[in-house]
Amino acid sequence: MEAGKRRLAGDTARAATTDEVRDLRREAGALKECVADLTLANRLLKKSMIADGGDQE
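Position one of the sequence shown corresponds to residue 1 (our numbering), numbered consecutively onward.
Don't read these hints as lab results, they were simulated from the structure.
Just so it is clear, the structure is predicted and the values come from calculations on it, not from any experiment.
By construction, the Cβ of each residue, glycine as well, lies at the ideal position given by its N, Cα and C atoms.
Honestly, I wouldn't trust all of these hints.
Unchecked claim - Pair ranges (Cβ atoms, derived):
#, residue 1, residue 2, range
1, Asp52, Asp23, 57 to 67 Å
2, Lys5, Gly29, 27 to 37 Å
3, Glu2, Arg26, 27 to 37 Å
4, Asp19, Leu44, 31 to 41 Å
5, Leu8, Ala36, 29 to 39 Å
Using the sequences plus the hints, can you model the full thing?
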């Protein structure tokens with residue numbers, strides 16, 4: 001509650017610069033894209049395992 005009052009009063013200290021925030025957002029976007037690529041690859045692998053009949057060695 002107290003933190004909200006300080007924030008509303010404009011009494012906040014920024015822990016990161018604008019450039020740091022921009023870099024972090026860019027990195028987060030790249031990581032999200034990586035997760036999406038890996039998710040698609042994982043789905044393809046699962047589908048190929050189902051089509052092949054599973055774990056037959």
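Structure-based check of all given hints:
1. Asp52 - Asp23: 57 to 67 Å: violated (43 Å)
2. Lys5 - Gly29: 27 to 37 Å: Holds - the Cβ-Cβ distance for lysine 5 and glycine 29, about 33 Å, lies within 27 to 37 Å.
3. Glu2 - Arg26: 27 to 37 Å: holds (33 Å)
4. Asp19 - Leu44: 31 to 41 Å: This hint holds: roughly 38 Å between Cβ atoms.
5. Leu8 - Ala36: 29 to 39 Å: holds (37 Å)
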